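Q: All chains should be built: construct the whole structure from the sequences, respecting the hints.
In case you want the letters, here they are:
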Amino acid sequence: MAAVQDIEIPDSAARNALAVDELQDMQGEKMVLNMGPSHPATHGVLRIVLELDGELITKAEPDVGYLHRGDEKIAESMTYTQFIPYTDRLDYLAPLANNVAYTLAVEKLLGIHDKLPPRCQYIRVMCAELARISAHLLGLGAFAMDMGAVTVFLLIFTEREKVYNLAESLTGARFTTSYTRIGGVMRDLPPGWADQCRKFLEEVVITINEVETLLTRNRIWVDRIRDLAVISKADAISYGLSGPNLRGSGIEYDLRRNQPYLCYKDLDFDIPTGSTGDCYDRYLVRMEEMRQSVRIIHQCLEKIPGGADNLSNEPVNVDDGKIILPPKEKVMTRMEELIHQFMLVTEGVNCPPGEIYFGHENPKGELGFYINSKGGGTPYRMKIRAPSFVNLSIIPKIFPGCMLSDTVAILGSLDFVMGECDR
Amino acid sequence: MFTLDSAHQLKAKFGDLISEPAEFRGEITVKLADAEQIAEVCGFAKMKLGFEYLVDISSVDNYGEDPRWTVVYDLRNLTNNAELRIKTDVSEEKSELPSVLGVWATSNWHEREIYDMMGIRFRGHPDLRRILMWEGYPYFPLRKDFPLAGKPTNVPEVAFTEISPMEGGPFVTLPSSGDAVSREPRVRNPE
Chain S
28 MAAVQDIEIP DSAARNALAV DELQDMQGEK MVLNMGPSHP ATHGVLRIVL ELDGELITKA
88 EPDVGYLHRG DEKIAESMTY TQFIPYTDRL DYLAPLANNV AYTLAVEKLL GIHDKLPPRC
148 QYIRVMCAEL ARISAHLLGL GAFAMDMGAV TVFLLIFTER EKVYNLAESL TGARFTTSYT
208 RIGGVMRDLP PGWADQCRKF LEEVVITINE VETLLTRNRI WVDRIRDLAV ISKADAISYG
268 LSGPNLRGSG IEYDLRRNQP YLCYKDLDFD IPTGSTGDCY DRYLVRMEEM RQSVRIIHQC
328 LEKIPGGADN LSNEPVNVDD GKIILPPKEK VMTRMEELIH QFMLVTEGVN CPPGEIYFGH
388 ENPKGELGFY INSKGGGTPY RMKIRAPSFV NLSIIPKIFP GCMLSDTVAI LGSLDFVMGE
448 CDR
Chain G
236 MFTLDSAHQL KAKFGDLISE PAEFRGEITV KLADAEQIAE VCGFAKMKLG FEYLVDISSV
296 DNYGEDPRWT VVYDLRNLTN NAELRIKTDV SEEKSELPSV LGVWATSNWH EREIYDMMGI
356 RFRGHPDLRR ILMWEGYPYF PLRKDFPLAG KPTNVPEVAF TEISPMEGGP FVTLPSSGDA
416 VSREPRVRNP E
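Quick mapping for you: the protein sequence lines, in order, are chains S and G.
Counted from 1, the first sequence has number 214 at position 187 by the numbering used here; the numbering is strictly sequential.
Counted from 1, the second sequence has number 265 at position 30 by the numbering used here; the numbering is strictly sequential.
It cannot be assumed that every hint is accurate.
Unchecked claim - If you want the footprint, here are the derived chain S segments under chain G, 3+ residues with CB under 8 angstroms:
#1 86 to 95
#2 135 to 145
#3 258 to 265
#4 274 to 287
#5 386 to 396
#6 404 to 413
Unchecked claim - Here are the simulated lysine-lysine pairs, BS3-like style, with alpha carbons at most 27 angstroms apart:
#7 S:K226 - S:K330
#8 S:K424 - S:K349
#9 S:K100 - G:K281
#10 S:K357 - S:K142
#11 S:K401 - G:K329
#12 S:K355 - S:K189
#13 G:K379 - S:K260
#14 G:K386 - G:K329
#15 S:K57 - S:K86
#16 G:K379 - S:K100
#17 S:K142 - S:K330
#18 S:K260 - G:K281
#19 G:K281 - G:K248
#20 G:K386 - S:K424
#21 S:K100 - S:K401
#22 G:K322 - S:K401
#23 G:K281 - G:K322
#24 G:K329 - S:K100
#25 G:K281 - G:K246
#26 S:K226 - S:K292
#27 G:K379 - S:K401
#28 S:K100 - G:K322
#29 G:K266 - S:K401
#30 S:K260 - S:K86
#31 G:K266 - S:K100
#32 G:K322 - G:K379
No wet-lab data here; the hints were simulated from the structure.
Quick caveat: nothing in here was measured; it's all calculated off a predicted structure.
Even glycine gets a Cβ: it sits at the ideal position worked out from N, Cα and C.
A: As structure tokens, then:
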């Protein structure tokens, strides 16, 4: 038997007041949603604590550090050369670019970064640009897949496979390349590599065009990401954004152009910038950067001293036995080379005391190394300025006001990688 | 060129607080004598000298020396590409300096990271929590007196050092059932 219930009928004024109260109460009721750490759209292990008002985000608090391995601590206990493999694991979508960035930083400490043999510079530029194509392809593919366009992801993986093949024939490893050495590179271009690379460049342009046809004027794609998460110029600078995220906000700043290193001065390329700073602009900037990278590698293959097969025997390493390991046959027969080999392997490259910062234009932004040396073969302190770490710090600023379903789009457009963010 | 001008202007404004600009590998470094003034100096550098971009904040543990901490600010002027480094020392007893969050928003996470790794506090930071290590972790791992292999603690389930499951594998050169400190060959325990 149902219980008898008293029903109170308030007058209309009281009813209105009650309704308003109720409404305010509803607005005040926030829901906290935990996104990640293992969420497919966080591309790794990023956790974001979202505060929601209905579907609207009112507050976002990113939580990083799930992939912290203590790379900076590890660096203090090994020689400069021994740390090169660890740089592969920073931005693991572009290990070649990390290798180049790190060795350039150590060479700056040694004072030889602008005295590298030209051939070495060209090879390193090609490495960095191949890594950029590879990283942007994946960033784009994952971005599109999170938005439901899985075809793009499959298309770009075909091309990335070719970059891995190129890396394999160049370095011997597909993923953890560890290709550069302090004062040079591990080895010269293998025979036939240039042709393989040219073939890839032709094919990747076809894929980029195809992706462009699928996305750039796609109504669903444009509607979802245009005018979303707009980052103003002032915010982009204040939050220290770098790379495509900075340029997407309309700031024409690229370390390759503004602080030229390696042989970028001799190469012709454009720096794409966005106009509004929304997710669509960041997408367009990355698209164009890939085309520019293709252009740069074409020029490198044309201009590289000694030609692709190095017929004139151009050196790829600096001519200094105190920096680069001597050839093996000399180690076995000559005293001086034997001493150099022994000292380099046991003590490491002897760096002067001092401190330097070197920033490299990596696919994700400015990868910087601050090295504080007290002399000797080991850094006293090495700080890694990880672009993804800095780029993610803008999340609490741009998330509020967006819809919950926009989070995956914004994260995709920021294009971060947690291995580098957490170090 | 521009950087040296900026460094001299900074010195003209703050006088003896700012050291003579030192140059190494084309980079200009100035040292600020009083860490308490860091927010004013950075604000001046941003507003008047155009250093609108904070590249990075690093910290150095000068273990065994006094003052123990050095905090390093890398500034950049996006218009003329000048880069200036401002360093300041903080003593171990104090371990605190003002936050520059009011100058650059990006310093938020950099300062949290330095607090997390070195244990230097930033006064005026609204949310000075650990960022890379987990909440409740008792140590500051980038200090020089913290061993590479980690430390065991008596805080259960919060900080732990257990025998690695890779023991005897290809990456462990000293197979034994000892703890990580004695097993790890690269560990250098500070005196």
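Q: Of all the hints given earlier, name the ones this structure violates by number, lowest first.
A: When the structure is compared with the hints, numbers 8, 9, 12, 13, 20 turn out to be violated.
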